[in-house]
Amino acid sequence: MSQADSMSRAEALPVLSGAVTSGRRPQTAAGFLALFRNELHLTFRRMRTLVLLGILAALPILIGVIIKVNTDSPRGGGGGAPSFIAQTTQNGLFLVFTALAVALPVFLPMTVGVVAGDSVAGEAATGTLRYLLVAPAGRTRLLAAKFTAGLAFCLAATAAVAVTALATGAALFPLGKVTLLSGDTIGLGEALPRALLVAAMVALSLAGLVAIGLFVSTLTGSGIAAMATTVVLVITVQILDSFPQLDAIRPFLFTHYWLSFADLLRAPMYWDGMLKNLGLQAAYIAVFGSAAWARFSSRDISA
Amino acid sequence: MTNDTAAGENVDGGVPYRSRRRTLMRAGVPLAVAAVIATGVGLVPALAADSPPDLPSLTAEQVVAKVLGSDAQALSGTVSVSTDLGVPTQLLGAAAGGLGAAAGRGGGQDQGSSADPQTKLLGLLGGDQTLRVAVDGPDHQRVDLLENMAGYTLVHNGDQSWAWDSSTNQAVHETGQAARHTGAEHPKAPLTGVPTTPQEAAKQFLTESAGTTSVTVAGTAKVAGQNAYQLSVKPTQSGSTIQEVRIAVAADNGVPLSVEVLGTDGSTVLDVHFTDVSFAKPAAKTFDFTVPKGAKVTEHKADEARGQDGKKEAARTAGDVNVIGEGWTSVVTGHLPSGPVGAPEDGAKNGKHHGNGGFQNPQALVKSLGKPVNGGTLISTKVLNVLITDDGRVFAGAVTPSVLQSAAGVK
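Here the protein sequences come in this chain order: A and B.
First residue of the first sequence? That's 23 in this note's numbering, and the numbers climb one at a time after it.
First residue of the second sequence? That's -19 in this note's numbering, and the numbers climb one at a time after it.
Hints listed in this document are in silico derivations from the structure and should not be mistaken for laboratory results.
Don't take each hint at face value.
Residues from chain A shown here face chain B by an in silico Cβ test under 7 Å; the list is partial [to be verified]:
id, residue
1, Gln112
2, Thr201
3, Leu203
4, Ser204
5, Gly205
6, Thr207
7, Gly209
8, Leu210
9, Gly211
10, Phe265
11, Leu281
12, Ala284
13, Ala305
14, Ala316
15, Ser320
Below, computed lysine to aspartate or glutamate pairings styled on EDC-like, alpha-carbon distance capped at 20 Å [as the list claims (entries may be wrong)]:
id, chain 1, residue 1, chain 2, residue 2
16, B, Lys273, A, Asp206
17, B, Lys202, B, Asp245
18, B, Lys273, A, Glu212
19, B, Lys265, A, Glu212
Cβ atoms here follow ideal geometry from the backbone N, Cα and C, with glycine treated the same way.
Using the sequences and the accompanying hints, generate a full structural model.
Given below as structure tokens:
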């Protein structure tokens, strides 16, 4: 109790001593930016995050080498993206799409689940959360900063996969004209922006998961529990998504439109699935973001 | 312990701390957000579906004439196809494999190409598909099947026809008279007789079922942003498993925009409709197709007379095929291909032992999927019933099993 008292004093002090006496300090963009920068440092300077990114970066190299070695067989076997593998041997750029399609169902959400799930719960577990709350930033802003940092990790993780895939593809396979899924052939200059768009779409696909992970993270004081719950949730939802009998709910599962990014590789692009995907992610962010806020802003921080 | 939260939010301390109430209120926020989104998702389609447009009333004959006399030469759009035949997907896969193998032997090819339109479009019979269609007169058509992370393209441009499968990078190329011939007869489906657009399907229905059918106009509707008349087509014969076919016809130019087939239990069996459509001339480069680098191309020559007609095509691949009866209760008969490995006739009986690997003896497969009835094995789906007699004859149709049995001559 004495701890909590001292904390409340500490939190109240800067405000009371400031010019504004009735309420907390005005929320400035600079203040949020400082908080966000702090979160970014926290996320990306961790050894764990770097290892996760390293694993993601190794994945395209692995896939590229496997395809190179087994280049005789026209079909690359089962899995999420056998259809791209045929093109990969023709054009190294397709390794980007193949790697993203392979990483999106399991590897990317797993790493995002680790980072997002640990964001609040991990701080609570190590006892640093209360010191964060001592800063006169307010819990809502802290949560927003953590969410934004999670999105930044999504981008970084996707970029790690895409960039190493591009490098591996360029090293192992010829680059050049790209054959789209609709049979049209475009030049490399036109194809690279599409690859960038694909990577952006993959990163945005994970945004809903960041919100879910953040919400789970506010529920518990154990980082491991939050991470495990988030990852299990991703896997469960994908299993549910594979049952044709659940057709009624499948379009509302956040993983349902994940692979729609392939529609960017048609000429003309087919936006239907991707717009649905973005709408779905926005809905998940709204629901789970507000749930995380509701929980976090009214919760006792005891650790 | 609750004090720290209070301090964070009510610094001025004037208001007493009410944790429970505030917690409840805040918990209401995500629920409210979820409720708003759910209502939005539920309401938007309802609001988007406008009230039926006000159109001058036409008789059924006038609407049919509008369809048959439609002079719309060019269109492009997106077609959504959803099929619920109640056919097991394994059966579709096996049928595709069997047909491919049969085509391989019959047509003298070395092996079936995965880009073969016949085998590919069987996939349309199961589940939901999205197609992109572009048509410019009888000589230029293109159909893009938007598959999950893959694509399948059919292009017909003058005397050139291409079919290309992105997942295997295989193509089928057809040149010469046959291609043009196919195009003239089935403008919307190069290389095959399978209807892939609403026009095609509606025209087939309207021309082939005259005399055994009642056609009425069932109000108006809006399809893909176009005002349309709803035609209701019902069989007058008994014994059909189809209750009604609804066709929406564009009021402006008579292009059919949607076809919906209802089974006798009232469920939708087939729903083909444009989700967006434009009657402007598509860009000429839409119909240019250069074979992608590294693609394995199977050439077909014109004298092979491929794809004159869907049924004849099926006849060539699946053996001799006859049609018994007419209209809605017509029954298609033929013989089962005896197996991809060229199994002898008695292979059917112990076919299960032959069925190793990916290829299965089709006869053994139907026996394992169907249920035994008087005279053979019956595979029953929502609409289509197939009777395979013990001596390998096949009777299929959108009819009740008893019609099939009388066609097969068994009681």
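Checklist entry - Quick check: which numbered hints come out false for this structure? => result 7, 8, 9, 10, 17
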